[in-house]
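*Asks:* Sequence:
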Amino acid sequence: MAKSMIIRTLYRESADGEKETLHFDQGVNLIVGSPNTGKTVWLKMLDYLLGDNGGPETAFDEDLVEKFVAIGAQIEIGDEKLNIERRWDESPKTKVRIGETTYTSKEFSNLWLEKLEIPIINYPKGNPYAERAWPSLSWRELLRHIYRDERFWSDVVPKQPESTRHAALALFLGLEDRLFSPILGKLVQKQKELYQARARKDSFEETVDQIAKDLMSEQDRDEHLTALTLKARIEALEEEVTTLLQEREQVLASIQTQRPDPTLSALMSERADLLISLEQVQKQRKVLSERLAEVENLILVIGKERDQLARASAAGSAFSDLKITHCPACDQKLPSRNSSQTDDCFLCHQKLNPESTLDRIAFEQEQLEQEEMELIELRSRLEEQVREQQKLERQEREKLDLVVRDLRPAQKRLSAVVNTHISRIDTERGRIEERIRQLQRFNSLLTYRDNLTNLIDRLAQEVKELEAENKKLEAKISFEEASTMIEDSMNHFVNLLNRGIEKYQISDRFRWNHGSISLDISERSSRFRVSGQKWSLKLGATVQVHFLLAYHFALLRLSLEQNTNYPGIVILDFPPNLLDSKTIGDKENYLIDPFVQLCKESSIPLQVIVAGRVFEGLDSSTRIRFKHVWP
Numbered sequence: 091m092a093k094s095m096i097i098r099t100l101y102r103e104s105a106d107g108e109k110e111t112l113h114f115d116q117g118v119n120l121i122v123g124s125p126n127t128g129k130t131v132w133l134k135m136l137d138y139l140l141g142d143n144g145g146p147e148t149a150f151d152e153d154l155v156e157k158f159v160a161i162g163a164q165i166e167i168g169d170e171k172l173n174i175e176r177r178w179d180e181s182p183k184t185k186v187r188i189g190e191t192t193y194t195s196k197e198f199s200n201l202w203l204e205k206l207e208i209p210i211i212n213y214p215k216g217n218p219y220a221e222r223a224w225p226s227l228s229w230r231e232l233l234r235h236i237y238r239d240e241r242f243w244s245d246v247v248p249k250q251p252e253s254t255r256h257a258a259l260a261l262f263l264g265l266e267d268r269l270f271s272p273i274l275g276k277l278v279q280k281q282k283e284l285y286q287a288r289a290r291k292d293s294f295e296e297t298v299d300q301i302a303k304d305l306m307s308e309q310d311r312d313e314h315l316t317a318l319t320l321k322a323r324i325e326a327l328e329e330e331v332t333t334l335l336q337e338r339e340q341v342l343a344s345i346q347t348q349r350p351d352p353t354l355s356a357l358m359s360e361r362a363d364l365l366i367s368l369e370q371v372q373k374q375r376k377v378l379s380e381r382l383a384e385v386e387n388l389i390l391v392i393g394k395e396r397d398q399l400a401r402a403s404a405a406g407s408a409f410s411d412l413k414i415t416h417c418p419a420c421d422q423k424l425p426s427r428n429s430s431q432t433d434d435c436f437l438c439h440q441k442l443n444p445e446s447t448l449d450r451i452a453f454e455q456e457q458l459e460q461e462e463m464e465l466i467e468l469r470s471r472l473e474e475q476v477r478e479q480q481k482l483e484r485q486e487r488e489k490l491d492l493v494v495r496d497l498r499p500a501q502k503r504l505s506a507v508v509n510t511h512i513s514r515i516d517t518e519r520g521r522i523e524e525r526i527r528q529l530q531r532f533n534s535l536l537t538y539r540d541n542l543t544n545l546i547d548r549l550a551q552e553v554k555e556l557e558a559e560n561k562k563l564e565a566k567i568s569f570e571e572a573s574t575m576i577e578d579s580m581n582h583f584v585n586l587l588n589r590g591i592e593k594y595q596i597s598d599r600f601r602w603n604h605g606s607i608s609l610d611i612s613e614r615s616s617r618f619r620v621s622g623q624k625w626s627l628k629l630g631a632t633v634q635v636h637f638l639l640a641y642h643f644a645l646l647r648l649s650l651e652q653n654t655n656y657p658g659i660v661i662l663d664f665p666p667n668l669l670d671s672k673t674i675g676d677k678e679n680y681l682i683d684p685f686v687q688l689c690k691e692s693s694i695p696l697q698v699i700v701a702g703r704v705f706e707g708l709d710s711s712t713r714i715r716f717k718h719v720w721p
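Counted the way this note's numbering counts, the sequence shown spans residues 91 to 721.
Calculated directly from the structure, the hints in this document are not laboratory data.
Among these hints, one or two may not hold up.
[Said to hold, decoys possible] For each label pair, taking beta carbons as the anchor points, the in silico distance ranges come out as:
id: 1; residue 1: N653; residue 2: S711; range: 22 to 30 angstroms
id: 2; residue 1: A558; residue 2: S606; range: 32 to 40 angstroms
id: 3; residue 1: D179; residue 2: P225; range: 31 to 39 angstroms
id: 4; residue 1: P248; residue 2: T574; range: 22 to 30 angstroms
id: 5; residue 1: D547; residue 2: E518; range: 37 to 45 angstroms
id: 6; residue 1: M358; residue 2: S513; range: 21 to 29 angstroms
id: 7; residue 1: V494; residue 2: R514; range: 22 to 30 angstroms
id: 8; residue 1: E170; residue 2: D540; range: 53 to 61 angstroms
id: 9; residue 1: N653; residue 2: K593; range: 34 to 42 angstroms
No residue lacks a Cβ here, since even glycine has one placed at the ideal position from N, Cα and C.
All chains, please: the whole structure from these sequences, using the hints.
*Replies:* Okay, structure coming up:
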């Protein structure tokens, strides 16, 4: 059950710092005055305060945006008092401030629903299988059922999509946990995945069949390929390949049994020896080349070290004669001392190291120079060895080329014997192996198709299980009971209207004599009817106002029911020309009397804020009168 929302104060701050404040209470609060006295502006500013995601320029007149800089309110939700404000004279202009914290419109919506203890639900909007088809129902969408703008007295919630309107009404009735449960959302998602998988499989099978007709040979082509068919064909073709290989071996064996050619045997033996020798030479050349690269790298490293020592020696020579002439502590001139006669430091008088730093650097330079000379000599020897191996490699290659050239006539004589038979066998074997490769590629495609089939079976089973769970939830929904709560309240309201017409002596043409109001509500829609017809077609303009007031009355009564989610507040801005009498007086009272009676009888806090002409003599909690008529 949602908590009641009670507006206690509403204020606006002008650019010069002055505040105008309205005070409200539980029950019926009346804002009265002639047309153009500013009643509607206050309610529009309240609407903007409650999470409008636009700027103030789009919410109300631009002149008011310049005249005022803020709108705020103190609102009670249960036992909690909240100070809420929006300012447009400072950044961020689009955020709502509650206490010391600012919120975006979406953050405010979620927070407000949380404080009212109204569940945040996702509902199907449009095609439930489309992307982003399950949006959250926001506080602003619910507010359009709570606040009736003076411009919108011709529809239940003007310009609100039917799916959103249905979701809001179902939420108010407390049907959301069964009608829009997470199970339903998951079911729709799984159904979507199932449809997509089936579509992919159908498209894939058409593509595979078309490719098979275009690429596969006539003898391998079937109307519909299956994995078993391909497996049997591949095995049969592999047996043919095995038979051809055996035949080939037999042909070669028959040649080997013939008397060998001595010249051919000698050349083949020489060729094998040359190949071994060439491989050894290449390995040796590779080892020497790697060693040469290491030596060259060491020479570079030593050269860098010698350069560093040379720079250090030069720096030492430049600064060696510098002396400290003044005390670093007191800046007084130091007395001259003849340090040349001692081994002491002329400043701190400590013993000096007799070994010169420059001498040590010179020694290091000499050592590095000797190492560098040794490495350069080693590099020269390695370069000579590499050149020798390269020369030897060229010689071995030349010998091998001569042997290969001498082998060609003998190879031609041998191939003349077996070439025709072997060539026929190899050609046939290549053709069969290509067929095998084609069939194997198609086999992998069919494996993907089988995976799709398994996915479809799994998704279908999940959909079946989720449908069973969702049906159990929907079986617990009593649409008849839910619609009866709304119908009874709306019909009760129009009966009270008829009594009010008699009480205030209103013309009988305003009497409700159009039959009973009914609500057809189901899993996906909710539709109001009057005497079995669509309400907007059955009723004229004035009586449509009665119908819409009955709707607000029914929603307000939901606040008294257990397990419902209506926040106990109605805000009504009457159209300026509702009644055509020049002396309205108490003629509007019959429209609000049912709300007054409901608020008095309620055991929980309820609030109705109404902006109208006069409401003379109407029993209300608060009456705010505007007298100044704006030009």
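*Asks:* Taking the hints in turn, state whether each one holds.
*Replies:* Outcome of the hint check:
At about 28 angstroms, the CB distance of N653 to S711 agrees with the hint of 22 to 30 angstroms. Between A558 and S606 the Cβ separation comes to about 37 angstroms, which falls inside the hinted range of 32 to 40 angstroms. Checking the proposed 31 to 39 angstroms range against D179 and P225 shows it holds: the Cβ atoms sit about 33 angstroms from each other. Distance hint check for P248 and T574: the Cβ-Cβ separation is about 26 angstroms, which falls inside the suggested range of 22 to 30 angstroms.
A hinted range of 37 to 45 angstroms for the beta carbons of D547 and E518 is consistent with their spacing of about 43 angstroms. For M358 and S513, the Cβ-Cβ distance of about 22 angstroms falls inside the hinted range of 21 to 29 angstroms, so the restraint holds. Taken as a hint, the range 22 to 30 angstroms holds for the pair V494 and R514, whose Cβ atoms sit roughly 27 angstroms apart. A hinted range of 53 to 61 angstroms holds for the C-beta pair E170 and D540, which are about 60 angstroms apart.
Take N653 and K593: their Cβ atoms lie about 35 angstroms apart, and the range 34 to 42 angstroms holds.
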